[in-house]
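Put together the whole structure using the sequences plus the hints.
If you're matching them up, the sequences are chains A and R in order.
Yeah, the first sequence ends on 331 if you go by the working numbering, and it's all consecutive.
Yeah, the second sequence ends on 331 if you go by the working numbering, and it's all consecutive.
Simulated from the structure, these hints should not be mistaken for lab results.
Keep in mind that the hints are not guaranteed to be accurate.
Identical copies carry no separate label here, and so any pair may be met within one copy or between two of them.
What the hints assert, rightly or not - Derived EDC-like pairs (lysine to aspartate or glutamate); straight-line CA-CA distance at most 16 Å:
{"no.": "1", "residue 1": "269", "residue 2": "190"}
{"no.": "2", "residue 1": "25", "residue 2": "144"}
{"no.": "3", "residue 1": "222", "residue 2": "161"}
{"no.": "4", "residue 1": "321", "residue 2": "267"}
{"no.": "5", "residue 1": "328", "residue 2": "147"}
{"no.": "6", "residue 1": "321", "residue 2": "64"}
{"no.": "7", "residue 1": "85", "residue 2": "218"}
{"no.": "8", "residue 1": "58", "residue 2": "184"}
{"no.": "9", "residue 1": "25", "residue 2": "267"}
{"no.": "10", "residue 1": "115", "residue 2": "88"}
{"no.": "11", "residue 1": "328", "residue 2": "104"}
{"no.": "12", "residue 1": "58", "residue 2": "40"}
{"no.": "13", "residue 1": "25", "residue 2": "64"}
{"no.": "14", "residue 1": "277", "residue 2": "267"}
{"no.": "15", "residue 1": "321", "residue 2": "144"}
{"no.": "16", "residue 1": "277", "residue 2": "190"}
{"no.": "17", "residue 1": "63", "residue 2": "218"}
Protein chains: 2
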Amino acid sequence: MSNNIKAAILGYGNLGRGVEFAIKQNPDIELVGFFTRRDPSSLVTNSPEVPVYSSDKLIEMKDSIDVLIICGGSATDLPVQSPKYAEHFNIVDSFDNHAHIPEHFTNCDAAALKGGKVAFISGGWDPGMFSLQRLLGNCILPDGCDYTFWGKGVSQGHSDAVRRIEGVLDARQYTIPVDTALEKVRSGENPQLTTREKHTRECFVVAAPDANLAKIENEIKTMPNYFADYDTTVHFISAEEMKRDHSSLPHGGFVMRSGVTGVNGETKQMIEYSLKLGSNPEFTSSVLVCCARAVYRMSKAGMTGAKTIFDVPPAYLSAKSGEELRKTLL
Amino acid sequence: MSNNIKAAILGYGNLGRGVEFAIKQNPDIELVGFFTRRDPSSLVTNSPEVPVYSSDKLIEMKDSIDVLIICGGSATDLPVQSPKYAEHFNIVDSFDNHAHIPEHFTNCDAAALKGGKVAFISGGWDPGMFSLQRLLGNCILPDGCDYTFWGKGVSQGHSDAVRRIEGVLDARQYTIPVDTALEKVRSGENPQLTTREKHTRECFVVAAPDANLAKIENEIKTMPNYFADYDTTVHFISAEEMKRDHSSLPHGGFVMRSGVTGVNGETKQMIEYSLKLGSNPEFTSSVLVCCARAVYRMSKAGMTGAKTIFDVPPAYLSAKSGEELRKTLL
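What follows is the structure, given as structure tokens:
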């Protein structure tokens, strides 16, 4: 019997694959199974040595799984799956619908408390690492302003919105932070920035041969919530160009806290955290995996209920001992 | 009786003053006294409403202090003061002698466990926030490299070293990260960087009227450990210029984690955290004050012993409730 943490993956999309890869980078965590709502025999993973099961089998296998990493989507999967499984498993999810986090927390908390489990929600980078940086910035510099910029990166929600337009065969939308806005924030002048001043949006669209391009472009640029408040550029490209130039899912962004200290607030202080991610889902997955370790440890320490990155002693995220961490990283 | 956290400051130098200012920015924390080894009547603070006591009175006043923020130096004060007071108080210090942190931790841990108190050591930015970022980067991207750059900022240790040279009346030393090195790291190429490649050193020196400038410059540039391994420039300036241009204590730096993810480590991921501090001691103090809040909470939660930033659930640093934090910052 190994002492490894036994993790299972529910859902095998971009995120599930990312978790699969990330677990291989963490020798103290062992992947004991994939669980899918599809026919298990149809699922080809990158880990042929790891069994694939139907998600129907999940609850009956609960005693052989230390942490269940739920890799579903935030729109419809996680609001159901996380509370459902939190009663039976220590879970980790990446629920990223900011407005509904309090509700999701409450639901998972009730289930996890009922089952004596730990439910870690909203792991990833935003929510996740960005949230942690916002919290730290606020605590250290109470007199200050918060700024979060996203990008340059692919927004899947915005890409999907463009794909739903008539005549669009495929689309990729990049969110781009405005350099002059970043520089203004860095200067410490605490600017009030409008939506339009912070980000631009760039769309790459493969249109149907007979599509009305001007109409598509106009529909994109005037789409409420998604594009209307932004300066948006639209490029029509071929399917080949889409495949060649836009198949990865880069992302990233900046969290900044600009504050003042001193007897009369005369001293400027600036904290900046940034991510430049070659793959958004793979980075999110990497965060989920170290959160899975923390969940296991929190559970071993007797904690129960819903938790977020705000609740985790950072050392719990690491495989190293406190002594080793103090010696090498403090 | 207020419900505020009652904090006291031991030592009133740059750091003690910074803590005094930072407490004013945190309405849930109340400064109940300054303690000094000097004659209390000689100490003029920026808070005439707060009493100044002799440090001899400290232990007898222990029941009216929730957290003692120890603002001494790491060389000789903290190794004695922190273990001494950790038996009687929840304490916070900024012990920053990296090589001796394990020993300091052990000493404070024994004292705090004996007294049933919490001793938070090595708060600040490095050690402190930089350490936390190194830990997070290592946990998220186990296949990667760490980089820490310091500056541009005043190194007090190096300034002191220059001041000890014969013929030097005053000196200020700036540590400066090398831009091309930063860019190399940002590119994801994981360079091996020598000491000389990472930082340069710039000294501003006020020399005595009859001093041998060439000799001073040579002594600086060849000083082992401090300067010999760096490219150093030396500027001789007047006392007036020193006062006018170099009286603040700016600092900052960068912590970067450059790693890979994916099935074959083919995806580059980059995390960068940077600080641009108008005042090094004021920022350190601001960190100490939110750590003091966390110490108070950890003590209330029944924890005892020595702790570092690696052990603190981040929400403990904030005055806000978990619910409010999740709603506004997650």
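Verification of the supplied hints:
Taking the shortest Cα distances, residue 269 and residue 190 sit within 16 Å of each other inside one copy (9 Å), while across copies they are farther apart (33 Å). Proximity of residue 25 and residue 144 under a CA criterion of 16 Å is satisfied inter-copy only: 10 Å between copies versus 43 Å inside one chain copy. For the homomeric pair residue 222 and residue 161, the shortest alpha-carbon distance inside one copy (15 Å) is at most 16 Å, but the shortest distance between copies (60 Å) is not. Neither within a single protomer nor between protomers do residue 321 and residue 267 lie at most 16 Å apart by alpha-carbon distance, with minima of 41 Å and 26 Å respectively.
For the homomeric pair residue 328 and residue 147, the shortest alpha-carbon distance between copies (15 Å) is at most 16 Å, but the shortest distance inside one copy (33 Å) is not. In this homomeric assembly, residue 321 and residue 64 never come within 16 Å of each other (Cα to Cα): the closest approach is 26 Å inside a single copy and 37 Å across copies. With identical chains, the CA atoms of residue 85 and residue 218 are never at most 16 Å apart, being 42 Å at best within one copy and 71 Å at best between copies. Taking CA atoms no more than 16 Å apart as the test, residue 58 paired with residue 184 passes in neither setting, with 53 Å inside one copy and 50 Å between copies.
In this assembly of identical chains, the alpha carbons of residue 25 and residue 267 lie at most 16 Å apart only when taken from different copies (14 Å versus 49 Å within one copy). Only within a single protomer do residue 115 and residue 88 lie at most 16 Å apart by alpha-carbon distance; the minimum there is 6 Å, versus 39 Å between protomers. Proximity of residue 328 to residue 104 under the C-alpha cut-off of 16 Å is restricted to the inter-copy arrangement: shortest distance 10 Å between copies versus 40 Å within a copy. In the homo-oligomer, the alpha carbons of residue 58 and residue 40 lie at most 16 Å apart inside one protomer (12 Å), although the nearest pairing across protomers, at 74 Å, exceeds that limit.
In this assembly of identical chains, the alpha carbons of residue 25 and residue 64 never lie at most 16 Å apart, being 22 Å within a copy and 52 Å across copies at closest. Taking the shortest alpha-carbon separations for residue 277 and residue 267, only the inter-copy value of 15 Å comes in at or below 16 Å, while the best intra-copy value is 33 Å. In this assembly of identical chains, the alpha carbons of residue 321 and residue 144 lie at most 16 Å apart only when taken from different copies (15 Å versus 36 Å within one copy). For the identical chains of this complex, residue 277 and residue 190 are inter-copy neighbours only, at 14 Å across copies versus 25 Å inside a copy, given an alpha-carbon limit of 16 Å.
For the identical chains of this complex, residue 63 and residue 218 are neighbours neither inside a copy (50 Å) nor across copies (70 Å), given an alpha-carbon limit of 16 Å.
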